[in-house]
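Using the hints, position chains B, C and D against chain A.
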Amino acid sequence: MTTQTPTRPESDQAVEKKIARVRELYATGPEVGKTALETLIRELKSGSSRREPATRMSSAGRVGSRQGKVSELLFIVPFAPGGAERLRALLELRNGDFSDTDRVGTVHDMRFVFLDNDTKLLFATAYDGEWDPYIGDFAATIPDGLDVLFSACEGWPGIRNPEVKDWIAKYQIPAVGWYVAHPDLTVRDIQRLKRIGKAAEEFLDKIQ
Amino acid sequence: MTTQTPTRPESDQAVEKKIARVRELYATGPEVGKTALETLIRELKSGSSRREPATRMSSAGRVGSRQGKVSELLFIVPFAPGGAERLRALLELRNGDFSDTDRVGTVHDMRFVFLDNDTKLLFATAYDGEWDPYIGDFAATIPDGLDVLFSACEGWPGIRNPEVKDWIAKYQIPAVGWYVAHPDLTVRDIQRLKRIGKAAEEFLDKIQ
Amino acid sequence: MLSIKESAGETLSMRAPALETSDIQATVLRPRPKPYCGEYVVLRIGNAEQGREMLRRVLPHIAPADEWWAPSALGWLGIAFTFEGLKALGVPQASLDSFPIEFRQGMAARAAILHDFGANAPANWEYPFGTPDVHVALAIYAKGNQDLQEVLEIARKSHHDLPQIAVVYRMAFGELPEGRNPFGFKDGLHNPHVEGSGPAATTREEPSIKPGEFVMGYPDERGETANVPIPLELRRNGTFVAIRKFYMDVAAFRKYLRAQASSPEEEELLAAKMVGRWRSGAPLVLTPDHDDPSLGGDANRNNNFRYADDKKGLKCPFSAHIRRVNPRDALKDDVVATNLHHFLRRGTNYGSPLPDGVLEDDGAERGGVFLLIGAHLQRQFEFVQSQWVTDGNFISHGTEQDPLIGNNDGEGVFTIPKVPVRRRLQGLPSFVSVRGGEYCFMPGLRALRWIADLKPMMEADDVRSR
Amino acid sequence: MLSIKESAGETLSMRAPALETSDIQATVLRPRPKPYCGEYVVLRIGNAEQGREMLRRVLPHIAPADEWWAPSALGWLGIAFTFEGLKALGVPQASLDSFPIEFRQGMAARAAILHDFGANAPANWEYPFGTPDVHVALAIYAKGNQDLQEVLEIARKSHHDLPQIAVVYRMAFGELPEGRNPFGFKDGLHNPHVEGSGPAATTREEPSIKPGEFVMGYPDERGETANVPIPLELRRNGTFVAIRKFYMDVAAFRKYLRAQASSPEEEELLAAKMVGRWRSGAPLVLTPDHDDPSLGGDANRNNNFRYADDKKGLKCPFSAHIRRVNPRDALKDDVVATNLHHFLRRGTNYGSPLPDGVLEDDGAERGGVFLLIGAHLQRQFEFVQSQWVTDGNFISHGTEQDPLIGNNDGEGVFTIPKVPVRRRLQGLPSFVSVRGGEYCFMPGLRALRWIADLKPMMEADDVRSR
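Protein chains in written order, with numbering that gives the first Met the number 0: chain A, 0 to 207; chain B, 0 to 207; chain C, 0 to 465; chain D, 0 to 465.
This is chain A alone, in the form it adopts within the complex (with noise of 0.2 Å):
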């Protein structure tokens, strides 16, 4: 099925080109990494890898990496006066359960990680293709959920206000490298990979 920009196979020479680059770059670095790179240029070179290239890495619109359907959102934002303290009673008080993020069915995974003294909130997500699309049903139907996590932060519009994409996009730091073991497989894939999983170890328990 069309879903994806087809990406173009590199050609040989683009290649080519990057790769003396990076030789170029790697011959002023350390013996343990000179080493290792020429031993993956080779691997790189033989095609032993096994992904399509629709898995490569790509835009998840308007900041951030993809690999296939998931993206990557990571942002580093001050702590508003006494944040640190709220959010980390808070995360203590929820002890990981997020049933709400549940409901949502296309977080993947996240991570709430207090940098500098508990000054800075790091956020990292993985998730299936764009937020933007969903960010006002979020704000329509799990509000408080959201508020009640990023209120900790310097400047928080709130969920609900339109100007809280950009607030996103101003702290939002896009990876350079995003690998995702199984990029075709979106949290509700998964979902339905299970129930199938589980009705066909009952089917094979059954007939066995």
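The reader is advised that the hints may include incorrect statements.
Sample of chain A residues facing chain C (criterion: CB under 10 Å; computed from the structure) [said to hold, decoys possible]:
#1 T105
#2 E129
#3 T140
#4 Q190
#5 R194
Here are the in silico distance ranges between beta carbons for each label pair [unchecked claim]:
#6 D308(D) - S98(B): 21 to 29 Å
#7 Q207(A) - R41(B): 45 to 53 Å
#8 K44(B) - R169(D): 52 to 60 Å
#9 L188(C) - L203(B): 31 to 39 Å
#10 L203(B) - G143(C): 48 to 56 Å
#11 P419(C) - S58(B): 41 to 49 Å
These are computed hints drawn from the structure, not numbers from a lab.
Here a beta-carbon is modelled for each residue, glycine too, at the ideal position from N, C-alpha and C.
For chains B, C and D alone, coordinates are given in the frame of chain A:
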């Protein structure tokens, strides 16, 4: 099967105490957070969570958080001189092709983010269980794949060096909050489900 | 200076005011006449003053929604502008800049988001779609050909002596027998009811939708009232239109059904499963096993249903066209806010019908032109197109697309839930191709006057946000 | 000051030196005698000097690997120390601190890693296992009871007049009929061959393993030579031992087989599938359909196989005990370096056999004590226990555990690949329970002398890294 230390559900009293603490902290925060918090507390209390205690956040061994089978690791480390340039060129050459990581079979996702004007590398990954037991295997089977990446960092001891664990632990920052959509599935579990799913669909196609 | 910041009061929810139907174009709120014929005309404006002159002349003939089909009117004229068109008319820069990004970019530039790949790619569109030559779109509806010609004459006279106004596209349309679309299905059945636009034609299971979703100047489902584009005079009672012209490959549709089915009855069933309705318009959810023409023809009943009793899709497949583009209550356990993704559909058909029973293509162009109308292109048309029509993730169907209007390439699949074993059709081709499309702004009547009265080199201060 | 930094030269790969078998304890490199009987004795040292006196007396009787079964010897004595034991003997702090973390913590503290939950939890272990009272473990093997008594007398005399040396545990063991384990399987078959330790007993499919994996002072599979613990005199020719005492619930095993199978032949097949070998020791990979006692008894053939021809596990299940604990070539496409996860198994049985055909438990204690020997507890015993025995992820079996020694709780499963449909046994209980365990350090003979000759309040500088 007994594969996890069972998490004892928190006592009501302990939860109430946490709630009181969070309320107190949010009282001085922005309005948007305060309202949202009350909704969240109602949800937590109503037990609308669909999560089993076993998948609550726990520790991923030495440092880092874990949800069920899936752990998180994040570190921020200064680049070695020229390291950012080298790594950027390398990641662009790889273009998301990490077939060695595919072979590892326990890495869900992995990102490389450049911080503070290319002076620091942020590396974050979601992986199965613990990396500690496997680090010797990585050193033996895919040392180059790791050295070529992390030799961009200041003081990278080389993956074969037994001190590499300490090096990582030194820069690692554990997440305060960690969410995983499918905490019960490893990368291999999903691989297996994909195979079953494909076979099941073929089977259904044939008998439909 | 223009500013997009406006008084906070306007963005707060308020009691829905009565719609100013006399200021809103009829095309936005009213279904096309019945029977109908008509024509789309696209103009290119080479000179702003001539453009405004054209507009001043045509303005008295633009149909408002309150007397849209007054007996005295010959036909019904609607008008809308692309971003290029507004520029060509001399709309001030600050005003232009205040339009939403998707409108400023235009539909062709949004191809990646809309999944307009392959045969549907803008590169393959008919001229002038997707080029900067589309400025003004006129839609003319009439009950008969004679009336149509008279309205066309009005339109012609609005610019025949203005050398810088060029007609770059004309396209006639008309009703097919029994009010069916080229595939043979009764259409135009499932528009949402706009709160305050008059009594709903039917008793409805579905709630009315706030008018701000479809017309600017009123609170929308989020309780907000649009604050762009500026000034208020320009946006009030205006809206946006996504125009999509489709070619429909009727022979391919029939051949595919023939190949998949072992009887004419089964062909009909499969076709109904793809659409979600039988040919008469009767919804599968209400009559899952056979068509029911009386139900299909009853406007009080044919749109009065929900999916609550069909949670497994055994009556109407999850992937059926009408369940995708309007999931009603089907996604209520998800985080999706279905009420944010409605738009109004005004569809017209073109070309001659392929005679019954013919399975070979006759080479003729036939299909439909759809005006998809709403105040928020991004979360309405674009959302539905990208998330619901050309993807299957929202219904846990992987990459499965809409069987009828999805961008399938011969490898498409369509899943029909069934007990004990689901049926999955394989190898779906594209039954429709996009021939072109544009994003247009369809202002209210006073706003049209505001545009028409713009002065050359108008001072920006004069249009400061109000 | 002691330092763990040593010359870089020692960590580089070098030509494997001949093993100093005269300095390595026999227990490390040599299989137990045949037939055998013996006893484990655990001592607690209340006074360092008395401990060292005991050591000096017993030292001449510790069997080296070069003359392990010299005709003159009555029996064979092995000795090892827990971390607490080394402390009690007065080993200097810097030296103590240089031991690997897992050894310093001890096996009980590693329960979470080893999946020693439930019935296997240290809280349920026999005294003195898991307590700080275990200091010295003596293993005494003999060919007959008379010889055993004489060696025990040597051991007794080493401390009978030292009031601060207490015997806290004694446990006799002995061979069961036909050299089987309590479940009825021939055991002790699959140790790796240590390079340089003498000719391999058989021609082998499996490569020899570098001696540094099992004895410190030699390059290991990573080309490195251990540089801790310090000093060199202490670690050279020493190694680590994970002691595990298991109870084996033979009645439960037989009952489970009976319930799952419809014939005695099927019971035998299921039992073989769980173990990976038939009762005779014949590996399933070489004889998948029936036992082959002559193969099982042939030391040249019963360990000479790989899994290359059984990639789907149709002969030997992926989850079978012997395929888990020693996957040989089965994981070669994975990132796992199988050669880093070998250890030597020295197993002994205790208790009387449950008579053939009895399905009801007689309440008697029976089972095995295993000495799992290697230079790297963490990546050898702990890795195998946590990744291969108590998890299924490495073979894409989810949380399925070792059917025989996994920590199943009545909800365990065991998957037997089969065409057309795999068989999955459900509701597996634990057939074995951990009764206790300890991590010990088993020094070479000169190192024993070094410990025995330690002076009270020894200056740290005297043991500086060499």
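Structure-based check of each hint:
A least Cβ separation of about 8 Å between T105(A) and chain C falls short of the 10 Å threshold, and the interface hint therefore holds. A cut of 10 Å between beta carbons decides the hint on E129(A): the least distance to chain C is about 8 Å, and the hint holds. About 5 Å separates the beta-carbon of T140(A) from the nearest beta-carbon of chain C, less than 10 Å, and the hint is met. A distance limit of 10 Å between C-beta atoms decides the matter here; for Q190(A) the minimum to chain C is near 7 Å, and the interface restraint holds.
With 10 Å as the threshold, the beta carbon of R194(A) comes within range of chain C, its nearest partner Cβ sitting at about 9 Å, so the hint holds. Taking the beta carbon of each, D308(D) and S98(B) are about 27 Å apart, inside 21 to 29 Å as hinted. For the hinted restraint 45 to 53 Å between Q207(A) and R41(B), the CB-CB distance of approximately 47 Å keeps it satisfied. Evaluation of the 52 to 60 Å hint for K44(B) and R169(D) yields a pass: the beta carbon distance comes to about 57 Å.
Taking the beta carbon of each, L188(C) and L203(B) are about 33 Å apart, inside 31 to 39 Å as hinted. Here the CB-CB span from L203(B) to G143(C) is close to 53 Å, well matched to the stated 48 to 56 Å. As the Cβ distance of P419(C) to S58(B) is approximately 46 Å, the hint placing it in 41 to 49 Å holds.
Comparing the model with each earlier hint shows no violations; every hint is respected.
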